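Enquirer: All chains should be built: construct the whole structure from the sequences, respecting the hints.
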Amino acid sequence: MSTVTSTESKDLAPVSTESLAALLVTRERPPRPSSLSTSLTFGWRAMLKIKHVPEQLFDVTAFPIMNLLMFTYLFGGALAGSPDDYIQFVLPGILVMSVVMITMYTGVSVNIDIEKGVFDRFRSLPIWRPSAMVGYLLGDALRYSIASVVMLAMGLLLGYRAEGGFVGVVAGIALLLVFSFAFSWIWTMFGLMLRTEKSVMSVSMMVIFPLTFLSNVFVDPRTMPGWLQAFVNNSPVTHLASSVRGLMAGDWPADEIAWTLGWAGLFVAVFGPVTMRLYNRK
Amino acid sequence: MSTHTSGPAIETVGLVKTFGETRAVDGVDLTVPAGTVYGVLGPNGAGKTTTVKMLATLLRPDGGEARVFGHDVVREADEVRGRVSLTGQYASVDEDLTGTENLVLLARLLGHHKATARTRAAQLLEAFGLTEAAGKQVKHYSGGMRRRIDIAASILNTPDLLFLDEPTTGLDPRSRNQVWDIVRAVVAQGTTVLLTTQYLDEADQLASRIAVIDRGRVIAEGTKGELKASVGAGSVHLRLRDADRRPEAERLLRELLVAEVQPEHDPVALTARLGAATSDSAAEQAARALGELTRAGITVDTFSLGQPSLDEVFMALTGHDAGPDTGTGTGTGTGTGTDTDTKDEVAA
Chain A
303 MSTVTSTESK
313 DLAPVSTESL
323 AALLVTRERP
333 PRPSSLSTSL
343 TFGWRAMLKI
353 KHVPEQLFDV
363 TAFPIMNLLM
373 FTYLFGGALA
383 GSPDDYIQFV
393 LPGILVMSVV
403 MITMYTGVSV
413 NIDIEKGVFD
423 RFRSLPIWRP
433 SAMVGYLLGD
443 ALRYSIASVV
453 MLAMGLLLGY
463 RAEGGFVGVV
473 AGIALLLVFS
483 FAFSWIWTMF
493 GLMLRTEKSV
503 MSVSMMVIFP
513 LTFLSNVFVD
523 PRTMPGWLQA
533 FVNNSPVTHL
543 ASSVRGLMAG
553 DWPADEIAWT
563 LGWAGLFVAV
573 FGPVTMRLYN
583 RK
Chain B
2 MSTHTSGPAI
12 ETVGLVKTFG
22 ETRAVDGVDL
32 TVPAGTVYGV
42 LGPNGAGKTT
52 TVKMLATLLR
62 PDGGEARVFG
72 HDVVREADEV
82 RGRVSLTGQY
92 ASVDEDLTGT
102 ENLVLLARLL
112 GHHKATARTR
122 AAQLLEAFGL
132 TEAAGKQVKH
142 YSGGMRRRID
152 IAASILNTPD
162 LLFLDEPTTG
172 LDPRSRNQVW
182 DIVRAVVAQG
192 TTVLLTTQYL
202 DEADQLASRI
212 AVIDRGRVIA
222 EGTKGELKAS
232 VGAGSVHLRL
242 RDADRRPEAE
252 RLLRELLVAE
262 VQPEHDPVAL
272 TARLGAATSD
282 SAAEQAARAL
292 GELTRAGITV
302 DTFSLGQPSL
312 DEVFMALTGH
322 DAGPDTGTGT
332 GTGTGTGTDT
342 DTKDEVAA
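Quick mapping for you: the protein sequence lines, in order, are chains A and B. Residues in the first sequence are numbered from 303 upward in steps of one, following the numbering used here. Residues in the second sequence are numbered from 2 upward in steps of one, following the numbering used here.
Bear in mind the hints are in silico, worked out from the structure with no lab data behind them. These numbers come from a predicted model, not from an experiment. Check before you lean on any hint, since a few could be wrong.
As the list claims (entries may be wrong) - Derived list of chain B stretches under chain A, where covered just means 3 residues or more per stretch with a C-beta under 8 Å from a C-beta of chain A:
(1) 27 to 38
(2) 83 to 97
(3) 106 to 118
(4) 123 to 132
(5) 147 to 157
(6) 255 to 267
To be verified - Label-pair restraints from in silico Cβ distances:
(7) B/E77 <-> A/L371: 53 to 59 Å
(8) B/G46 <-> A/T328: 34 to 40 Å
(9) A/E330 <-> B/E77: 41 to 47 Å
(10) A/N582 <-> B/H238: 33 to 39 Å
(11) B/T32 <-> A/T328: 24 to 30 Å
(12) A/E330 <-> B/D202: 25 to 31 Å
(13) A/L568 <-> B/T224: 56 to 62 Å
(14) B/E77 <-> A/L568: 30 to 36 Å
(15) B/T23 <-> A/L568: 23 to 29 Å
(16) A/M368 <-> B/G64: 38 to 44 Å
(17) A/S321 <-> B/L306: 56 to 62 Å
(18) A/V521 <-> B/E77: 34 to 40 Å
(19) B/E77 <-> A/S321: 39 to 45 Å
Virtual Cβ for every residue (Gly too), placed ideally from N, Cα, C.
Expert: Have a look at this one:
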């Protein structure tokens, strides 16, 4: 268990059985809340956790900034002649990569919660079953938004200029959030399936590293060997990065957006039910 | 007492749950009358928590049937969830949140509006003596406070059935007494309580009927009186002044009490397990024995009368923890039979 600073029961006010009895008399129960309401309530829980443990925002602030600086100056000169030119290409890509990488923490938080009894409490409530999971993802959407804003601000400082203007940028981030929400159902599945936090983390790494690096985030895939191109060109992360890059540049890459949304739908359709099956059986 | 329609609160038939090779719950039959505290007594790993989790719809049974207020726990899980609450063995609240936040969160999930959720949370914190700690994160609570917030979270809506899984394990005696008060207050308002415990005295204090579980099976079921009678009336512990007189005292006690008498490691100590065969109470039997010892000139320094311990219950009922000299009954015939025999005798 954690730090128990036991203020023992000697300085604890007594239980008042009279007022307790008075509270128990009412047997009326409010009507069942809607699935939207319970999901939002779970989202509120996620925000409260951020409020109490603000350190957890480290991964959505420092980590993206580090990524952006590292890759811009590491590859910039070699790949695009100068970091200033490269950032125009790479910023939307690193934005996608960082946020998609951060999604894996969802699995870890699900797994940590299961270890504690609170999960049993949620599962014994008469509510729409997926709402606890949706709540995690809503809370995470806030984290992804923070990460996106932080990276864009940093990018602007480094000289990134979005041709698509405010609307293009917002559309790009919105698409990124939708994709991340859908993609995260993989992590909720792993969070429920694997036994320890550590195993969730290592399995997530195994999935996330190839998936994000083997894409068009850093370079144009045309210089890659054919077999790799086949993978990269069809990767959901490539479609997402192309869409976000296009939207922020002021284009409307309809095909890429359709592919991205298609992948998102597929992730929810496959991993959503698997997650819920595990959740109900746990 | 109860506000429900007639019929038992819980009814299980041949409930089974296996984890790999282990049959954690191996054919449990229970009938829990509504409006009472029902004790499920057993050692660690007996299958208590697994049984409770199945009844609270958290685990799916591998065999048998379970109904809560007539609703099947698998097919009508949602109806069951609407009427029960569970306080798990480990604090089932969010440690990162404050007491108030936890209660408001759950009240909202149960469908209360923001304002009512806040009022209800504040009222419960007040009744549980937690107002001062309301704004603190639960991870800073003491064991007793955690238990309270946990139970408070379970009665945000007054449940028809409350599961308390070992509610006092690890608590100091004072906190334990307060939890007992809470349980009494809850059941007095008509809620049925299913309480699991490792402690006989806890079941004794609270429950009107008790099921003893061991290795996934119900090995005895009945009222407190019936259960106690099955293991004898209690034990007499004696310390003599003179170790040399012990064999004589042993013989006297055995004759007088029709009891099994055991010398202890301490050369002056003796323990006699009283039988339930006679109509005399344990105290009367013990008083007679003391008188006889005095008449024989054997000085008794200290003397105490104990209730049957859980150990004794298990030895008597199962025999599997008993050493070669113990475990057999005291002339009442209990404890020597198989599980089913014992169960029949107790329930009769």
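Enquirer: State for each hint whether it applies.
Expert: Now for the hints, and whether the structure bears them out:
1. Restraint check on the region 27 to 38 of chain B versus chain A: 0 residues with Cβ-Cβ distances below 8 Å, three needed, restraint violated.
2. Against chain A, the region 83 to 97 of chain B contributes 13 residues with a C-beta closer than 8 Å to a partner C-beta. That satisfies the three-residue criterion, and the hint holds.
3. Check result for the region 106 to 118 of chain B against chain A: holds, 9 residues qualifying (beta carbon to beta carbon below 8 Å, three or more required).
4. Counting residues of the region 123 to 132 of chain B whose beta carbon lies closer than 8 Å to any beta carbon of chain A gives 8, which meets the minimum of three for the stated coverage.
5. Only residues whose C-beta sits within less than 8 Å of a C-beta in chain A count toward coverage, and the region 147 to 157 of chain B has 3 of them, enough to reach three; the restraint holds.
6. Evaluation of the coverage hint for the region 255 to 267 of chain B: breached, as 0 residues show C-beta separations to chain A shorter than 8 Å, against a requirement of three.
7. Take B/E77 and A/L371: their Cβ atoms lie about 57 Å apart, and the range 53 to 59 Å holds.
8. Between B/G46 and A/T328 the beta carbon distance is about 39 Å. The supplied range of 34 to 40 Å therefore holds.
9. In this structure the supplied range 41 to 47 Å is violated for A/E330 paired with B/E77, their Cβ-Cβ distance being about 22 Å.
10. With their beta carbons about 52 Å apart, A/N582 and B/H238 fall outside the hinted range of 33 to 39 Å.
11. For B/T32 and A/T328, the Cβ-Cβ distance of about 29 Å falls inside the hinted range of 24 to 30 Å, so the restraint holds.
12. In this structure the supplied range 25 to 31 Å is violated for A/E330 paired with B/D202, their Cβ-Cβ distance being about 36 Å.
13. Between A/L568 and B/T224 the beta carbon distance is about 59 Å. The supplied range of 56 to 62 Å therefore holds.
14. The hinted range of 30 to 36 Å is satisfied by B/E77 and A/L568, whose Cβ atoms lie roughly 33 Å apart.
15. In this structure the supplied range 23 to 29 Å is violated for B/T23 paired with A/L568, their Cβ-Cβ distance being about 39 Å.
16. Against the hinted window of 38 to 44 Å, the Cβ-Cβ separation of A/M368 and B/G64 comes to about 54 Å, which falls outside the hint.
17. One distance hint, 56 to 62 Å for the beta-carbon pair A/S321 and B/L306, is violated here, with the actual separation near 39 Å.
18. The hinted window of 34 to 40 Å between A/V521 and B/E77 is violated, with their beta carbons roughly 57 Å apart.
19. Take B/E77 and A/S321: their Cβ atoms lie about 34 Å apart, and the range 39 to 45 Å is violated.
Hints 1, 6, 9, 10, 12, 15, 16, 17, 18, 19 from the list above are not met by this structure, while the remaining hints are.
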